[in-house]
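Taken in sequence, the protein lines are chains A and B. Read in order, the letters of the first sequence are residues 1224 to 1436 in this note's numbering. Read in order, the letters of the second sequence are residues 216 to 629 in this note's numbering.
Warning: the hint list may mix true and false statements.
[Stated by the list, open to error] For each label pair, taking beta carbons as the anchor points, the in silico distance ranges come out as: (1) Lys-1297/A <-> Glu-558/B: 44 to 54 Å; (2) Gly-1421/A <-> Glu-534/B: 24 to 34 Å; (3) Thr-292/B <-> Lys-1430/A: 53 to 63 Å; (4) Pro-611/B <-> Asp-1388/A: 19 to 29 Å; (5) Val-601/B <-> Asp-1337/A: 26 to 36 Å; (6) Asp-1337/A <-> Lys-428/B: 35 to 45 Å; (7) Glu-336/B <-> Glu-1331/A: 44 to 54 Å; (8) Asp-1388/A <-> Phe-623/B: 25 to 35 Å; (9) Glu-558/B <-> Asp-1406/A: 10 to 20 Å; (10) Asp-1337/A <-> Phe-623/B: 30 to 40 Å.
[As the list claims (entries may be wrong)] Straight line, CA to CA, 30 Å or less: simulated DSS-like cross-link-like pairs of lysine-lysine: (11) Lys-467/B <-> Lys-1424/A; (12) Lys-563/B <-> Lys-1417/A; (13) Lys-498/B <-> Lys-1407/A; (14) Lys-1410/A <-> Lys-563/B.
Hints listed in this document are in silico derivations from the structure and should not be mistaken for laboratory results. From a predicted model like this one, the values you see are computed outputs, not experimental measurements. Where a beta carbon is used, it is the ideal one built from N, C-alpha and C, also for glycine.
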Amino acid sequence: MVAPATLSLRPCAAHAPPRAALPRARAWLAPAVHTSPPSVAASSPRPSFGVLRRAVAVDSGQQGSPEPPEQEKKPKTYHFLVANAKFMLDEEEHFQEQLAEKLRLYGERGMEQDFWLVVEPKFLDRFPNITKRLKRPAVALVSTDGNWITFMKLRLDRVLQDQFDAESVEEALASNPVELKFDKPEKWTAPYPKYEFGWWKPFLPPKSSNGTA
Amino acid sequence: MASSAMELSLINPAAMRRHGLSAAGLPLARRSSAVRFRVSASAAATTAVPPKPSGSGPKKQGKKEIQETLLTPRFYTTDFDEMERLFNAEINKQLNQAEFDALLQEFKTDYNQTHFVRNPEFKAAADKMEGPLRQIFVEFLERSCTAEFSGFLLYKELGRRLKKTNPVVAEIFSLMSRDEARHAGFLNKGLSDFNLALDLGFLTKARKYTFFKPKFIFYATYLSEKIGYWRYITIFRHLKANPEYQVYPIFKYFENWCQDENRHGDFFSALLKAQPQFLNDWKAKLWSRFFCLSVYVTMYLNDCQRTTFYEGIGLNTKEFDMHVIIETNRTTARIFPAVLDVENPEFKRKLDRMVEINQKIIAVGESDDMPLVKNLKRIPLVAALVSEIIAAYLMPPIESGSVDFAEFEPQLVY
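The following block holds chain A by itself, in its conformation from the complex:
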C-alpha cells in the first residue's frame, strides 16, 4: 500500500530484487595472525592489559591448565550498521556530530575507543544477503558495544544491522581500498557550510589495521 519510491526523501533508497531473510550470521572469520604466546596468559590469572583479549578465555574456565593456542583464542563480537557511503558520510550530517561527541567524551573520560567507521569493510564478504542490497562503496559503523549500535540503528533508521565475531580488531576492521567522491549538492540552502569532506578520518581504524591500503 505504500509505494517504495516514496519512502525515502533522500535519493538513496531504490528498488532491488527481493531478498531472502537476513541471516543472523555469526560469521567466524578466518583466524588472524596471533602473536601472544599462550603460556603468558595461562600463568597469569590477572593478566596485563596487553594480553587481555587472550586472557579472558583463560579466566573463564581453565586457569592453570595449558591449552593449545587455537582453543584459547577468544573472539569478540562486533556489531555493525551499514549503508552506502553517500548516506553515511555525506547526507547524515548529524551523524558526524554524534561521533565527534562520543570521541570527545572518550577523551575526557580516558576511555578506549570502541567504535569505528570502516569504508568498504572486508567483513561484508560474509554477508551476501546484505551486500546484494547495498550500494557501493559502502561504509559501516562498527562497535563492540551492541547497545550503542542498537541506539544508532534507531537514529539512522535507513541502515542494515548485523554482527560478527573476529579474533582481532585489525581483522574486524579490515577494509578494501576505495576512493570516495561525493557530488556537490545541487543547491545548498542551509545558512552554513557543509561539513568538510574527510570529516570521518578521525573515526577510521588506525593505520596499523591490516588490509587497509
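Chain A is fixed; fit chain B onto it per the hints.
Leaving out everything else, chain B in the frame of chain A:
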C-alpha cells in the same frame, strides 16, 4: 476531540515546550498572561561573581510583573494512567526492550555532564547589548527557559509515574528531565546577566497546564525535540561560519546542547515504535500531518514576528525557518507514517500568505478600535488564515515511516 486538539496545538507552541526560541503560539491567541520576574537589582554583585549569579529564589528585591504579550510555551500534562497501561510490558507485547535498554545506556552516559559551565563572557556580552536587541534577547531567554522547564516538569512526572510499570522507560524520562533542568537552569542564569530571574517555583504553581492525550504527547514532543535540534544546530553552525554575529556566548553551547534534544527525540521515536497503533493506520497519518503542520506554521508565524532577533544574529528569518522545517520534516519522515510535502514551493507560498494575514490580525489588535469592532474585523482574517491552513493540510502528503515497519523493506537498497 479533533477540533479541540487542533485549536490547542495551533494556539500552542508548536514546539510545545522546547525551543522557546521559536515557540510561542499564534498571535490570534494572544493572551495576557503575566510572568512574574524577580528583578535582582544588584547589578554590581552580579558583575562581581559572574559564574554563579543566580541564587535565584531568595534575594528578591522588588517583584515586577512583566506583561507578556508574547505567548510563552505552555506546560503540559497527560493521562498518566493511560501512560502506565501503554508501557506495561505484560499488556503491550510490542515493547522493544532492546531499544529501550540501548536508550537508557545512552542517557546514562550523560555526554553533557560538564558542558554547562558559564564564564565571564556572558555578563560582559549582556552589558554590551542595548535597545531592541537587548529586549528581544531577554524574551528569547525567558521563553527558552520556560520551554525547557516545561519539559522538565512533564518528564519528571512521567519518570515518577512509570517507575513501577516500566522502570527502564521511567528512568529514561528521569534522565531526560535531568537534561531539561540543566538547560533551564543555564538559561535562567543567562537571565541573571540581564538582572532578571524567572521564578520557576511560581511558574510551576501558577501556570495553566494543557492536557494532551499520550499519543498527542508523543507526536508533539517528538517534533518539538527534533525541531529544537535543527534550530539549535543551524544557529550554531551559522555562527561558527559567521562569528561576527556571535553576540552572546550561549550560542557557543548549542552544538553539544542540541545533541540532547536529538536524543530526546530518538526516545519518542522508540516510544512511538512501541505503539504501532499510533503509526500504522489512516488516522495516524492524518494526525502526523496535522502535528507537522501545526508545529511548522506556529514556528513560522512566531519567528516572522521576531525578525529582529534572527537578523540580530545575522540570519534571514524565513530562510532559516524553511531550512529548519525541511530538515525536521526529513528527520520526521523516519518515523511518522506521513509527512507534509514541505519542499514543494507551494508550501512556502502558503506560509508566506499566512504571515501576511497574521500581520493584519495583529494590526487590528493594536488599533484603537472598540473591542467589538476589533472582533468583527478579525472574523474575515481569521477565516482566511484558517482556510490557508486547511489548504496546506490538504496538500498531497508524502508517505513515510521507519524502514522497520515498511512492507517493502525487503526491496530496499541501502
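Taking the beta carbons of Asp-1337/A and Lys-428/B, is their distance inside 35 to 45 Å? Because 41 Å falls inside the window, the suggested range holds.
How does the Cβ-Cβ distance of Glu-558/B and Asp-1406/A compare with 10 to 20 Å: does it lie in that range? Holds, since Glu-558/B and Asp-1406/A (Cβ atoms, about 19 Å apart) stay within the stated range.
Against the range 19 to 29 Å, how does the distance between the Cβ atoms of Pro-611/B and Asp-1388/A compare: consistent or not? violated, 48 Å
Please test the hint of 25 to 35 Å on the beta carbon pair from Asp-1388/A and Phe-623/B. Once the Cβ atoms are compared, 32 Å apart, the range 25 to 35 Å for Phe-623/B and Asp-1388/A holds.
Given the hint of 26 to 36 Å, is the C-beta distance from Val-601/B to Asp-1337/A inside that range or not? violated, 54 Å
Has the given pair, Lys-467/B with Lys-1424/A, been kept, meaning a C-alpha gap of at most 30 Å? holds, 24 Å
C-beta pair Asp-1337/A, Phe-623/B: status relative to the range 30 to 40 Å that was hinted: Given a distance of about 34 Å, which is inside 30 to 40 Å, the answer is holds.
Look at the Cβ atoms of Gly-1421/A and Glu-534/B and judge whether their distance stays inside 24 to 34 Å. Between Gly-1421/A and Glu-534/B, where Cβ atoms are some 28 Å apart, the hint holds.
Starting from the range 44 to 54 Å, see whether the pair Glu-336/B and Glu-1331/A falls in it by beta-carbon distance. violated, 22 Å
For the pair supplied as a hint, Lys-563/B and Lys-1417/A, confirm whether the alpha-carbon distance does not exceed 30 Å. holds, 24 Å
Can the suggested window of 53 to 63 Å be confirmed for the beta-carbon pair Thr-292/B and Lys-1430/A? Holds: the Cβ-Cβ distance is about 55 Å, inside 53 to 63 Å.
Do the beta carbons of Lys-1297/A and Glu-558/B sit within 44 to 54 Å of each other? holds, 51 Å
Checked against the numbered hints above, the structure breaks hints 4, 5, 7 and 13 and satisfies the rest.
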